[in-house]
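Build the full structure now, drawing on both the sequences and the hints.
In order, the protein sequences belong to chains A and B. Taken in order, the first sequence gives residues 111 to 447; the numbers are from the numbering used here. Taken in order, the second sequence gives residues 111 to 447; the numbers are from the numbering used here.
Please note that the accuracy of each hint is not assured.
Stated by the list, open to error - To spell it out: a stretch of chain A is covered by chain B in this simulated footprint if at least three of its residues, at any positions, have a beta carbon under 8 Å from a beta carbon of chain B; those stretches are: (1) 348-362; (2) 367-377.
Unchecked claim - From the structure, some residues in chain A lie toward chain B, with a derived Cβ separation under 10 Å: (3) 396; (4) 427; (5) 428; (6) 431; (7) 432.
Think of the hints as simulated: they come from the structure by calculation, not from any bench. Treat the numbers as computed from the prediction; the structure is a model and nothing was measured. The beta carbon of each residue, even a glycine, is placed where N, CA and C say it ideally should be.
2 protein chains.
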Amino acid sequence: MADFNPNLYSGNIIMSRIRLARNLSGYPFKIEDPNLAKDVVKKVYRALVKADTFNLFFVSNLSEMKLEAMKERHLISNNLMENALCGAALINQDESVSVMVNEEDHIREQCFMRGLSLNEAYNRIDKIDDALSNNLDIAFDTDLGYLTACPTNLGTGLRASVMMFLPALSTSGKINALIDEVASLGLTVRGLYGEGSAAEGYMYQISNEVTLGVSEQDILNTVEQTVVEICAAERDEMERVFVKNELKTMDRTRKSYGVLTNAVMLDYNEFLSHIANVKLGAMLGMININNLAAIDDLIIRTRPANLCEQYGKRLSAINRDLFRAEIVGKKLIKLKE
Amino acid sequence: MADFNPNLYSGNIIMSRIRLARNLSGYPFKIEDPNLAKDVVKKVYRALVKADTFNLFFVSNLSEMKLEAMKERHLISNNLMENALCGAALINQDESVSVMVNEEDHIREQCFMRGLSLNEAYNRIDKIDDALSNNLDIAFDTDLGYLTACPTNLGTGLRASVMMFLPALSTSGKINALIDEVASLGLTVRGLYGEGSAAEGYMYQISNEVTLGVSEQDILNTVEQTVVEICAAERDEMERVFVKNELKTMDRTRKSYGVLTNAVMLDYNEFLSHIANVKLGAMLGMININNLAAIDDLIIRTRPANLCEQYGKRLSAINRDLFRAEIVGKKLIKLKE
Numbered sequence: 111m112a113d114f115n116p117n118l119y120s121g122n123i124i125m126s127r128i129r130l131a132r133n134l135s136g137y138p139f140k141i142e143d144p145n146l147a148k149d150v151v152k153k154v155y156r157a158l159v160k161a162d163t164f165n166l167f168f169v170s171n172l173s174e175m176k177l178e179a180m181k182e183r184h185l186i187s188n189n190l191m192e193n194a195l196c197g198a199a200l201i202n203q204d205e206s207v208s209v210m211v212n213e214e215d216h217i218r219e220q221c222f223m224r225g226l227s228l229n230e231a232y233n234r235i236d237k238i239d240d241a242l243s244n245n246l247d248i249a250f251d252t253d254l255g256y257l258t259a260c261p262t263n264l265g266t267g268l269r270a271s272v273m274m275f276l277p278a279l280s281t282s283g284k285i286n287a288l289i290d291e292v293a294s295l296g297l298t299v300r301g302l303y304g305e306g307s308a309a310e311g312y313m314y315q316i317s318n319e320v321t322l323g324v325s326e327q328d329i330l331n332t333v334e335q336t337v338v339e340i341c342a343a344e345r346d347e348m349e350r351v352f353v354k355n356e357l358k359t360m361d362r363t364r365k366s367y368g369v370l371t372n373a374v375m376l377d378y379n380e381f382l383s384h385i386a387n388v389k390l391g392a393m394l395g396m397i398n399i400n401n402l403a404a405i406d407d408l409i410i411r412t413r414p415a416n417l418c419e420q421y422g423k424r425l426s427a428i429n430r431d432l433f434r435a436e437i438v439g440k441k442l443i444k445l446k447e
Numbered sequence: 111m112a113d114f115n116p117n118l119y120s121g122n123i124i125m126s127r128i129r130l131a132r133n134l135s136g137y138p139f140k141i142e143d144p145n146l147a148k149d150v151v152k153k154v155y156r157a158l159v160k161a162d163t164f165n166l167f168f169v170s171n172l173s174e175m176k177l178e179a180m181k182e183r184h185l186i187s188n189n190l191m192e193n194a195l196c197g198a199a200l201i202n203q204d205e206s207v208s209v210m211v212n213e214e215d216h217i218r219e220q221c222f223m224r225g226l227s228l229n230e231a232y233n234r235i236d237k238i239d240d241a242l243s244n245n246l247d248i249a250f251d252t253d254l255g256y257l258t259a260c261p262t263n264l265g266t267g268l269r270a271s272v273m274m275f276l277p278a279l280s281t282s283g284k285i286n287a288l289i290d291e292v293a294s295l296g297l298t299v300r301g302l303y304g305e306g307s308a309a310e311g312y313m314y315q316i317s318n319e320v321t322l323g324v325s326e327q328d329i330l331n332t333v334e335q336t337v338v339e340i341c342a343a344e345r346d347e348m349e350r351v352f353v354k355n356e357l358k359t360m361d362r363t364r365k366s367y368g369v370l371t372n373a374v375m376l377d378y379n380e381f382l383s384h385i386a387n388v389k390l391g392a393m394l395g396m397i398n399i400n401n402l403a404a405i406d407d408l409i410i411r412t413r414p415a416n417l418c419e420q421y422g423k424r425l426s427a428i429n430r431d432l433f434r435a436e437i438v439g440k441k442l443i444k445l446k447e
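As structure tokens, this is what we get:
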């Protein structure tokens with residue numbers, strides 16, 4: 111296994127995410143009675159306040175824009191949004207922890223951290239989970255482990271994911287062989303917004319498929335080791351694909367910087383393809399930007415609903431593109447100063 | 111006819127060119143004896159020194175690069191370049207007058223002036239022509255006028271051309287109807303480098319086809335009037351195609367400015383498509399550049415051979431693209447200051 115130096119890999123590893131699926135005993139998996147559903151929300155909220163300060167959001171109380179913006183920030187899922195009657199989310203101050211209630215399972219605990227931080231994120235969510243299990247009767251079977259609505263989550267109920275930026279493996283097409291290889295380890299590679307979503311801006315999500323018959327620590331180790339290996343492969347491939355074609359890469363990344371800092375309008379896809387180039391240029395020292403995390407944030411904060419949230423009201427597609435160009439241009443010029 | 115205001119049209123009218131075709135009596139049209147050809151060159155040179163200061167260039171003494179660079183600046187033709195044995199050109203200091211010797215005709219006098227200046231250019235070349243006819247025996251027939259190698263130049267031997275920048279008529283496709291219309295007036299619309307050359311960067315050359323049975327002044331008037339009308343049509347079309355889509359146009363022109371000022375490499379075609387947008391943006395006040403003539407000059411000075419000439423030696427394609435990007439970026443940043 112390649113040596114792991116988190117500093118070296120910072121550009122390639124965007125974010126780690128831990129998710130635990132839990133259900134309460136004595137309730138059906140799919141609660142259709144709103145009163146029963148609210149009862150679950152109340153119970154979870156009361157248990158959680160002992161672990162951290164959470165804001166409680168009911169899907170039914172939120173605008174479509176706000177929900178979409180939260181989804182863009184990975185705080186809630188499509189599945190939760192669709193449960194307008196009973197869905198709720200408990201989100202802490204810095205949005206690093208989100209607990210969805212009445213999603214596919216009664217409780218879905220999530221923790222997000224920058225870089226490769228699966229163990230830290232797991233430890234954090236474990237404390238949240240302790241607060242829940244100390245105060246609530248969580249459905250657990252000595253053979254099957256945690257019981258979940260879908261059998262694919264049985265056992266640990268744990269999904270450990272890492273969001274990666276893999277421009278070289280994408281460009282060379284080697285990502286495809288890698289996806290097959292990773293599958294044989296019980297892991298999966300997806301686009302940024304989960305199953306079926308496309309890999310946009312060279313971003314991929316690596317996560318475990320298997321949750322049953324393995325320990326939490328095994329899952330974390332397997333995902334982490336795989337991510338480290340993918341990182342090493344990406345670094346080699348970056349050398350081969352981009353560094354060996356230095357002038358072409360520099361040209362491509364700087365032209366993208368030129369487009370983004372001069373654009374009057376930017377639709378999200380155009381922005382994403384250029385910002386991926388700018389990030390690549392920054393990683394390779396071809397564009398003088400050190401704060402790669404700020405680029406990752408910009409990629410989230412310029413998504414349609416997040417953009418409207420920042421503006422303070424819903425914007426037409428054309429006004430979003432205008433506002434996006436304004437934000438992106440200013441930010442990139444500032445980042446390069 | 112639309113009122114003509116040369117200031118308004120400065121961006122759309124790049125350059126006026128007058129060409130006169132002349133031959134000496136007592137020599138075959140196509141001289142194949144190098145001694146005879148040199149004799150013609152000497153005679154022309156002696157006659158011309160009375161009118162202006164000329165540098166004499168023999169095709170056989172010039173490098174391919176230098177010849178190509180002169181051709182890019184319209185000073186010499188393909189036809190002259192191919193006559194390595196006998197071809198020569200007499201070019202004045204500011205390159206506004208070029209007299210080719212042993213081209214298709216013995217003598218081809220040319221004068222170039224910025225903007226719509228056909229009469230001024232004609233008056234200038236007329237003085238050069240007087241110096242020739244006062245000192246040499248020019249082939250002339252009372253019925254047919256000036257005798258030329260190709261019958262299409264008989265009579266006046268005059269071609270009056272105007273180089274135009276027609277982004278709106280090109281974009282909307284109305285240029286095609288216009289080309290047909292202009293043909294019915296005995297005029298023709300071509301790409302920038304003459305017959306068969308493509309219209310690059312929205313640039314077109316409008317010139318007379320008919321040289322026989324019309325007076326010089328008629329030719330000048332017809333071309334000028336047509337150019338003025340095309341200008342008016344282009345201005346209307348610019349309003350409709352670009353000004354009415356202000357944001358899209360601004361976006362497109364500024365992105366092109368961003369690409370050109372950040373590029374590491376620029377091949378000529380990529381450069382040309384972006385510089386055409388930048389010029390359009392400058393004309394519409396969307397990019398803060400006032401000196402449109404400097405943009406027109408840049409379009410010539412960054413052609414492959416001119417680039418090598420500036421660099422001082424022949425460059426590989428990749429080095430040309432690097433040097434072009436450097437020159438273009440610096441120039442555009444300076445022009446916007």
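Here is how each hint holds up against the structure:
no.	hint	in the structure
1	348-362	holds (count 4)
2	367-377	holds (count 9)
3	396	holds (9 Å)
4	427	violated (12 Å)
5	428	holds (7 Å)
6	431	holds (9 Å)
7	432	holds (7 Å)
The structure shown violates just one earlier hint, number 4.
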